[in-house]
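Colleague: Listed here are the chains, written in short residue letters.
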Amino acid sequence: MSFRKIKERIMLGLIAILALLSAVPIFAIIFSVYFEGMKYVSLSFLIDLPPPPIGDEVGGIGPALAGSLILIALALAIGGTIGFFTGLFLSEFSHTKLAQQTQMILQIMVEFPTIIVGLFAYAVLVLPLKRFNALAGAFALAIVIIPYIALNVKEAYKSISFTLKEAAFSLGLSAPTAYLRVLLGAAKSGVLTALLIGMAKAAGETAPLLFTILGSTFTYFAGLDQPIHAIPLLIYNFALSPYERWHQVAWGASAVLLTIILTIFLVSRMIIRGART
Amino acid sequence: MSWAVEICDLNVWYGGNHVLKNISLKIPKNVIFAIMGPSGCGKSTLLRAMNRLLELNPTAKVSGQVMVDGINIYSDKIDVTWVRRQFGMVFQIPNPFPHLSIYDNVAIGPKLNGLAKSKSELDQLVRWALEKAYLWDEVKDDLRRPAAALSGGQQQRLCIARAIALKPRIILMDEPTANLDPVAAMRIEELMLELKEDYTIVIVTHNPQQAARVSDYVAFLYLGELVEVGETSQVFTRPINKLTEKYVVGRIG
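Going down the list, the sequences are from chains A and B.
The first sequence stops at residue 1128 when you use this note's numbering, and every number in between is there.
The second sequence stops at residue 266 when you use this note's numbering, and every number in between is there.
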């Protein structure tokens, strides 16, 4: 074998090893979270109140799970609606200056530190109400997910062929009817994926919740103007605590959170694959 | 004589590009009117100027008049959705909505435009349109199948059904057979001759033989200008313009 061939083999081998190495952290994280966390997860773990820091009571993450689901739903209702229409605007009016500027702002928003979004929600919704509240958390999450949803909805509508758009408009439909009642179906998988990406983002974010919801450990839901809990915040609080029992709850909660995110990811993969075939 | 469409001094620009220059022509009712010319001469643009579909292109600018039954469709008072409902349109690539069933592809136009008052009325309209497009017998047992499962020729006839389900006055066809095999193309041509009884058909074609076969009147466009317009038999046998003669014998195009 010539020296050049040997050199080439070594390089290829190195590249393959590095590629494998990049996948190691993700598998290590998934493995360790499930290994440490799954032993605490049960149906009652999903429903019950958290245990006191000391003692034998197993407890659960009921309020945090309920709070997370409520916050995700609210964030999607606000951020999903705004993000969807923003994305539609970006796709169909991409020639306008406003669309180009909006697109630039959204790209900045994607990179924006989410803790600052939380601080902003604190200023506009927590301070005036003089209370940490669910709405402020949902509002902060909505702001975080808007750019992800908008940019992906834009791609979904952009992917519709021009001739299909012509077909829809040739039926004599108004623009809202054509985009929402005919062409939405053609962009369906992309739009759904956009919403799922937003959902996963809202499920996993911690920073926007730090200044906004407080984390009401012992109530499931007391109202939009009241504190609420969320899984990422529970993990953050409990993992930082000095109590072994709470560390275990944090591991269990991490396993639940990871399952939620991986499920959303798998569903969106299936949608994309379904759309391709 | 009353005209289906009268075009008067029509100019179209795409950005700074002047693509249609001072076009004036009249299209009689219940005829097949062909617009022929080489690629890029502005045929499709002229077709899209008639139903204002051109406006989907943000750079398009139009001047002049297009009259449909005596109404100038470019008047400020005219609603663009009304204009488009006067025309059914069939495109070069068969483009049924791939996410909808055969039934829904035909039903969606009437449904969203409020043309059918009940489900049974809508069913009847769908059946009527599919029968008119000679597709009913092939799909009647499986109307819920996705439209994408049909063959290319069937898809194009489905698009014709979708267009006529709106009960338009005029059908615009943009090279409707360009992407079909010869047998499917022949069926579409036969269908056009049938539809002429009830509709005015304007067809764009880059194929002079097709214009000669199916049309009653023909217009020849070249580089955005109307070179010649007249009865098909006259244009093909005794063209007035030398350029037309060259085109119909295949020396340009």
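Because the hints were derived from the structure by calculation, they are not lab data.
Don't take each hint at face value.
BS3-like cross-link-like pairs, simulated, lysine-lysine; straight-line CA separation at most 25 Å [what the hints assert, rightly or not]: (1) 1039(A) / 124(B); (2) 74(B) / 1016(A); (3) 1016(A) / 981(A); (4) 1016(A) / 39(B); (5) 1009(A) / 132(B).
Partial chain B-side listing against chain A, Cβ under 10 Å, derived [claimed, not checked]: (6) 69; (7) 113; (8) 165; (9) 258.
Quick list of the computed label-pair ranges, beta carbon to beta carbon [what the hints assert, rightly or not]: (10) 28(B) / 978(A): 44 to 52 Å; (11) 874(A) / 52(B): 33 to 41 Å; (12) 951(A) / 74(B): 36 to 44 Å.
C-beta: ideal position from N, C-alpha, C; glycine also.
Colleague: Decide, hint by hint, whether the structure agrees.
Modeller: Outcome of the hint check:
1. 1039(A) / 124(B): Roughly 20 Å between the alpha carbons, so the hint for residue 1039(A) and residue 124(B) holds.
2. 74(B) / 1016(A): Given pair residue 74(B), residue 1016(A) holds - Cα atoms ~19 Å apart, limit 25 Å.
3. 1016(A) / 981(A): violated, 49 Å
4. 1016(A) / 39(B): violated, 29 Å
5. 1009(A) / 132(B): Not OK: residue 1009(A) and residue 132(B) at ~33 Å, beyond 25 Å, violated.
6. 69: Hint on residue 69(B): holds, closest Cβ of chain A at ~6 Å, below 10 Å.
7. 113: Interface hint status for residue 113(B): holds (7 Å vs cutoff 10 Å).
8. 165: Violated - the Cβ of residue 165(B) stays beyond 10 Å from chain A, reaching only about 14 Å at its closest.
9. 258: violated, 34 Å
10. 28(B) / 978(A): 44 to 52 Å: holds, 51 Å
11. 874(A) / 52(B): 33 to 41 Å: Distance hint for residue 874(A), residue 52(B) is violated at roughly 50 Å.
12. 951(A) / 74(B): 36 to 44 Å: Hint violated: Cβ distance 21 Å, outside 36 to 44 Å.
Figure legend: structure checked against the earlier numbered hints; hints not met, in rising order: 3, 4, 5, 8, 9, 11 and 12.
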